[in-house]
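These protein sequence lines map, in sequence, to chains A and B. Our numbering numbers the first residue of the first sequence as 1 and each following residue consecutively. Our numbering numbers the first residue of the second sequence as 1001 and each following residue consecutively.
The hints are simulated quantities; they were obtained by calculation from the structure and are not laboratory data. A quick note: this is a predicted structure, and the numbers were derived from the prediction, not measured. Yeah, the Cβ is synthetic: ideal placement off N, Cα and C, and Gly gets one too. Do not take every clue at face value.
If you want the ones that stay clear, here's a sample from chain A, every Cβ over 12 Å from chain B, calculated [said to hold, decoys possible]: (1) Q14; (2) Q81; (3) K109; (4) S110.
Within a straight-line C-alpha distance of at most 20 Å, the following computed EDC-like cross-link-like pairs (lysine to aspartate or glutamate) qualify [what the hints assert, rightly or not]: (5) A:K94 to B:E1054; (6) A:K109 to A:E83; (7) A:K94 to A:E56; (8) B:K1013 to B:E1054; (9) B:K1026 to A:D49; (10) A:K109 to A:E79; (11) A:K109 to A:E15; (12) A:K94 to B:D1085; (13) A:K71 to A:E5.
One side only, chain B facing chain A, incomplete, derived with CB under 7 Å [unchecked claim]: (14) K1013; (15) Q1017; (16) G1042; (17) P1043; (18) F1045; (19) Q1048; (20) F1103; (21) A1105.
Take a look at the letters that make up each chain.
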Amino acid sequence: GENVEQHPSTLSVQEGDSAVIKCTYSDSASNYFPWYKQELGKRPQLIIDIRSNVGEKKDQRIAVTLNKTAKHFSLHITETQPEDSAVYFCAASKGNKLVFGAGTILRVKS
Amino acid sequence: DAGVTQSPTHLIKTRGQQVTLRCSPKSGHDTVSWYQQALGQGPQFIFQYYEEEERQRGNFPDRFSGHQFPNYSSELNVNALLLGDSALYLCASSFTRLNIQYFGAGTRLSVL
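Excised from the complex, chain B in its bound form (with noise of 0.2 Å):
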């Protein structure tokens, strides 16, 4: 049983540009939240993913969006990339009814 994988793996970009990250939840889960890690930070809580509907967002701009696909997998995008948008976006997918998450390696994001 695969557990939660992302791609790519690492990603560079320069300022301005436009990335899609994507994700594929553990099976059996319908729930996929994204987070983004800066250097040396705790993950900071992006926005969550539920039958295909933002179900829940973070303080983050509406430059980030995502979208989740019937088969539970998501997309994380973000537009107009700064270079604070350097991190690494991890994606965790749970289970809806226990919210336990389970977190992907992450893709590391460079914007330079």
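Isolated chain A, as found in the complex (with noise of 0.2 Å):
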């Protein structure tokens, strides 16, 4: 079955800078791939999401991109501020379930 790795699992950065979260997926056949946010204690918030059609997709200071030769996407978080502090999740999908990364630990220092 798919299986999703995620690197890396903390990350600090400092106010103002660029965060890059990265993913592998094994399934060449995954076709959907949604980033979550999780602040402590509150619920899985999709933020971005691509699909295998598309090479990259912008919202604000959130970015995807996504490369299927190599079976990886990654989400890429510039100027950064404090309360983008949480876990991040990606996902891959080919139907109707998710599989999820372990998720990374993004600390913002102000």
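With the hints as a guide, bring both chains together as one complex.
Below, the structure is given as structure tokens:
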């Protein structure tokens, strides 16, 4: 079945810097890749997603890139702010279920 | 428009007991998926319901069962609870043609 690996497990950046989180997936048939942000004690919140027919998608300070050949996708956050501090999860899907990575704890230091 | 709602928020049970968790999907959504999230880990897929039937199942034992009602709401039942069932149980709803899943706040289950 599908397996998703996520790196790094923790990431500390200075406020205003950029943050990049990378994920690789194993099933080449996966065609949908969402990213979720989860603050402590709260629900996972969908922040951006991309489908396999697109190489890049951007929404204000957040962007996602997809390399289908290499089977990896990345989340890019620019101009980080303290409120970006949270756990970020990538996921991959080829049908109904989402297969999640283990998560990245992002700390933005002010 | 209410988002995905789950009840109860917290639950404490003892080993061997049974539990039922409930989920109401976002308005306009017809599909409900359930996930188990252990502390410090990503959510793990339990199963998905569409048109009142289990459409896909993850690697969970038969002690985990579910149901979807005509109004698209759903229940997750866990029998013969084990200590290892302690986790956050998340419900996600979606419109089946898009599979963009939105999560509820979850039910925190503690098994003592």
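Hint check:
Chain B leaves Q14 (chain A) outside its interface by the beta-carbon criterion, the shortest separation being 25 Å against a cut-off of 12 Å. With a least beta-carbon separation of about 23 Å from chain B, Q81 (chain A) lies farther than 12 Å from that chain, consistent with its non-interface assignment. No beta-carbon of chain B comes within 12 Å of the beta-carbon of K109 (chain A); the shortest separation is about 22 Å. With a least CB separation of 25 Å from chain B, S110 (chain A) remains clear of the 12 Å interface cut-off, as annotated.
Only pairs whose Cα atoms come within 20 Å are accepted, and K94 (chain A) paired with E1054 (chain B) is accepted, the gap being roughly 17 Å. About 10 Å separates the Cα atoms of K109 (chain A) and E83 (chain A), which keeps this hinted pair within 20 Å; it holds. With a CA separation close to 18 Å, the supplied pair K94 (chain A) and E56 (chain A) stays within the 20 Å bound. With a C-alpha separation of about 26 Å, the suggested pairing of K1013 (chain B) with E1054 (chain B) is violated against the 20 Å cut-off.
For the hint linking K1026 (chain B) to D49 (chain A), the alpha-carbon distance of about 19 Å falls within 20 Å, and the restraint holds. About 12 Å separates the Cα atoms of K109 (chain A) and E79 (chain A), which keeps this hinted pair within 20 Å; it holds. Restraint check for K109 (chain A) and E15 (chain A): satisfied, since their Cα atoms lie roughly 6 Å apart, inside the 20 Å limit. The hinted pair formed by K94 (chain A) and D1085 (chain B) fails the criterion: a straight-line CA distance of about 27 Å is larger than 20 Å.
At most 20 Å may separate the alpha-carbon atoms for a hinted pair to count; K71 (chain A) and E5 (chain A) meet this at roughly 11 Å. Proximity of K1013 (chain B) to chain A is violated relative to the hint, the smallest CB-CB distance being about 20 Å (cut-off 7 Å). Because the smallest distance between the Cβ of Q1017 (chain B) and any Cβ of chain A comes to about 25 Å, over 7 Å, the interface hint for this residue is violated. Interface restraint check: G1042 (chain B) against chain A, minimum CB-CB distance 3 Å, threshold 7 Å, status holds.
This hint holds: P1043 (chain B) has a C-beta 5 Å from the nearest C-beta of chain A, less than the 7 Å allowed. Nearest Cβ of chain A to the Cβ of F1045 (chain B): about 4 Å, under the 7 Å cut. The hint holds. Because the smallest distance between the Cβ of Q1048 (chain B) and any Cβ of chain A comes to about 5 Å, under 7 Å, the interface hint for this residue holds. A hinted interface residue such as F1103 (chain B) counts as satisfied when its beta carbon comes closer than 7 Å to some beta carbon of chain A; here the least separation is about 5 Å, so the hint holds.
Because the beta carbon of A1105 (chain B) sits about 5 Å from the nearest beta carbon in chain A, less than 7 Å, this interface hint is met.
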